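Asker: These are the residues of each chain, in order.
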Amino acid sequence: MRKIRFVKDITARHFMLGIAIFTILFLLVIGFSLFFKALPIMKEKNLWVLLTSANWKPFKGDFGFLPYIISTLYVSLIAIIIALPFSILTSIFLNSYASRSIRRFFEPVVDLLSGIPPVIYGVWGTLTIVPLISNKIAPKFVDFSTGYTVLAGGIVLAIMIIPLLISIMTEVFRSIPREMTDASLSMGATKWQTVKKVILRKSFPGIIAATVLALSRAFGETMAVLMVCGNIAQIPHSFFDACYPLPALIANNYGEMLSMPSYESALMLAAFLLFIIVVLFNGISRFTLNQIEKKYQFS
Amino acid sequence: MIFANQHLETLTVNPVKETNRTVLLKKVMNNHTIRIENLDVYIEDQHILKDINLAVPEKSITCIIGPSGCGKTTFLKTLNRMHDETPEVKIKGRVYVDDLNIYDKGVNVIDTRKKMGLLAQRPCPLPMSIFDNVAYGPRIHGIKKRKAINQTVIQYLQYVGLWDEVRGRVRSSPSRLSIGQQQRLCLARGLAIEPEYILGDEATSSLDPLSTKKIEELFIKLKEKYTVILVTHTLRQARRIADYIVFMYLGKIVETGPTEEFFNNPKKQLTREYLSGSFS
Numbered sequence: 002m003r004k005i006r007f008v009k010d011i012t013a014r015h016f017m018l019g020i021a022i023f024t025i026l027f028l029l030v031i032g033f034s035l036f037f038k039a040l041p042i043m044k045e046k047n048l049w050v051l052l053t054s055a056n057w058k059p060f061k062g063d064f065g066f067l068p069y070i071i072s073t074l075y076v077s078l079i080a081i082i083i084a085l086p087f088s089i090l091t092s093i094f095l096n097s098y099a100s101r102s103i104r105r106f107f108e109p110v111v112d113l114l115s116g117i118p119p120v121i122y123g124v125w126g127t128l129t130i131v132p133l134i135s136n137k138i139a140p141k142f143v144d145f146s147t148g149y150t151v152l153a154g155g156i157v158l159a160i161m162i163i164p165l166l167i168s169i170m171t172e173v174f175r176s177i178p179r180e181m182t183d184a185s186l187s188m189g190a191t192k193w194q195t196v197k198k199v200i201l202r203k204s205f206p207g208i209i210a211a212t213v214l215a216l217s218r219a220f221g222e223t224m225a226v227l228m229v230c231g232n233i234a235q236i237p238h239s240f241f242d243a244c245y246p247l248p249a250l251i252a253n254n255y256g257e258m259l260s261m262p263s264y265e266s267a268l269m270l271a272a273f274l275l276f277i278i279v280v281l282f283n284g285i286s287r288f289t290l291n292q293i294e295k296k297y298q299f300s
Numbered sequence: 119m120i121f122a123n124q125h126l127e128t129l130t131v132n133p134v135k136e137t138n139r140t141v142l143l144k145k146v147m148n149n150h151t152i153r154i155e156n157l158d159v160y161i162e163d164q165h166i167l168k169d170i171n172l173a174v175p176e177k178s179i180t181c182i183i184g185p186s187g188c189g190k191t192t193f194l195k196t197l198n199r200m201h202d203e204t205p206e207v208k209i210k211g212r213v214y215v216d217d218l219n220i221y222d223k224g225v226n227v228i229d230t231r232k233k234m235g236l237l238a239q240r241p242c243p244l245p246m247s248i249f250d251n252v253a254y255g256p257r258i259h260g261i262k263k264r265k266a267i268n269q270t271v272i273q274y275l276q277y278v279g280l281w282d283e284v285r286g287r288v289r290s291s292p293s294r295l296s297i298g299q300q301q302r303l304c305l306a307r308g309l310a311i312e313p314e315y316i317l318g319d320e321a322t323s324s325l326d327p328l329s330t331k332k333i334e335e336l337f338i339k340l341k342e343k344y345t346v347i348l349v350t351h352t353l354r355q356a357r358r359i360a361d362y363i364v365f366m367y368l369g370k371i372v373e374t375g376p377t378e379e380f381f382n383n384p385k386k387q388l389t390r391e392y393l394s395g396s397f398s
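Protein sequence lines, in the order shown, are assigned to chains A and B.
The opening residue of the first sequence carries number 2 in this note's numbering; numbering runs sequentially from there.
The opening residue of the second sequence carries number 119 in this note's numbering; numbering runs sequentially from there.
Hints were generated in silico from the structure; no laboratory data involved.
Note that the structure is a prediction, hence the values are computed from the model and not measured.
By construction, the Cβ of each residue, glycine as well, lies at the ideal position given by its N, Cα and C atoms.
Don't take every hint at face value.
Computed from the model, here is a short list of chain A residues facing chain B with C-beta under 8 Å [said to hold, decoys possible]:
hint	residue
1	19
2	20
3	100
4	104
5	180
6	184
7	199
8	202
9	254
10	256
11	260
12	263
For the chain B half of the interface with chain A, some residues (derived, Cβ under 8 Å), not all of them [said to hold, decoys possible]:
hint	residue
13	205
14	231
15	232
16	246
17	255
18	258
19	311
20	314
21	315
22	352
Kindly generate the complete structure, drawing on both the sequences and the hints.
Answerer: In structure tokens form, the structure reads like this:
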């Protein structure tokens with residue numbers, strides 16, 4: 002009887018270990034298969050040229066990925082810059098100022114927002130953000146803009162990642178012990194002083210982690226961005242230029258041009274680049290996060 | 119002295135011989151610095167504190183004792199208005215601090231809290247260096263001069279006997295201090311806002327005996343300058359350091375009195391039972 006219990010325990014442990022390894026294997030499998038599919042184009046052309054050239058003419062055999070890489074980074078950066086203040090301030094309000102009933106109303110709504118399909122954000126962006134930029138904002142800065150721009154992509158993407166950021170950050174703020182905020186308040190600090198000097202400081206590593214997660218999501222977001230950012234293979238020089246991020250490139254062209262082997266391989270390289278960007282970014286941010294946590298090891 | 123109204127009556131009924139202590143009591147009775155009148159506290163629908171009437175004498179240690187759940191901590195929180203942070207709590211009655219009812223409309227909560235240095239149950243250093251922890255109070259109250267802040271920090275770290283122990287590492291995190299040192303740090307931090315009253319909420323319950331002794335000695339030193347109100351659930355501690363005792367049970371004040379009188383000659387049956395350990 003006893004023996005059976007132990008056998009079950011050991012089997013369960015190994016089975017679950019197997020499952021866990023299997024899950025992680027997906028990362029490697031995806032990475033490798035993309036790499037091998039992208040190999041032909043990398044053999045055919047110099048990788049450095051592929052990465053630094055801005056010339057994209059598939060029918061002439063020119064594949065320069067620089068516009069796509071820059072577009073991806075540019076749009077995501079704008080999105081996070083817009084989204085961060087909104088989500089930090091909202092989460093602080095929900096955590097420290099809002100009454101319980103307001104919180105009870107807000108939290109499901111925020112969850113709902115993050116559940117809306119990207120294509121809806123895309124359509125909405127096309128109908129409102131794009132004309133707004135084209136008619137109202139862009140004329141103040143440049144002569145002409147269609148509205149399908151880096152800025153439109155950034156705004157729509159920001160709106161999409163704000164709910165994600167809010168729901169992570171409210172968790173981060175909630176994890177701060179009540180005693181700590183009470184200690185500050187009982188000394189006669191105002192709520193705002195407590196937020197600035199205690200809550201934000203204590204949750205700084207958490208805020209960075211949330212930002213990283215949101216940025217990873219932003220890098221990969223395809224549909225909504227694709228619908229508003231213009232999709233022209235050029236290096237965007239301002240907010241009001243069209244751009245063409247990597248995911249949009251893949252989604253727009255995959256399945257159409259497969260008669261050209263080098264084109265297919267180029268698209269695979271695009272996917273591989275996106276994969277590498279996300280992996281590298283996560284790695285670097287995990288490292289810096291460790292450093293920050295060491296530095297901020299104040300209780 | 120701390121007197122619930124009914125206790126004032128008992129005093130007049132039993133006149134005591136004129137000793138040093140009664141002289142002190144008389145002097146003190148004219149100097150009630152915290153006076154609580156008809157205080158009722160409700161949390162949601164529960165009636166937590168019931169008709170509390172109390173006057174706390176200045177420059178002495180008053181210990182509030184009683185079994186768990188009798189409302190000691192709730193009572194302490196009414197004194198610095200920390201209940202403001204929980205909307206479920208309703209407060210009726212008057213709490214006079216220096217003859218000002220702190221629950222009057224228009225009374226600034228920050229001014230009230232600035233008068234009260236709170237020492238919590240468990241030490242809770244803020245997420246900043248040892249120095250910044252003590253400097254926190256002066257800074258939030260608008261002191262900017264570096265020299266003044268340095269002076270305050272050193273002064274209060276010395277006062278709690280921590281300066282020599284942390285001298286070389288005041289710029290590092292307090293998380294490496296022992297829990298007793300952390301509690302003294304929190305006391306220094308509370309003193310740095312220059313309060314008039316010290317509130318302690320079972321401030322030694324998480325500490326080892328040696329650290330407890332240090333904190334108790336500090337309380338005794340503190341009462342020269344401050345009025346100290348402590349919540350404690352160890353009777354021995356109350357006996358060791360208190361000048362006056364308030365015994366609470368089920369949200370009511372049962373008996374109050376000077377320490378010796380309270381322990382040696384309790385007047386209520388309930389007090390006698392509690393002191394003999396029949397319930398806790």
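Asker: Checked against the structure, which of the hints given earlier come out wrong?
Answerer: Of the numbered hints given earlier, those the structure breaks are 1, 2, 4, 9, 10, 11, 12, 20, 21, 22, listed in rising order.
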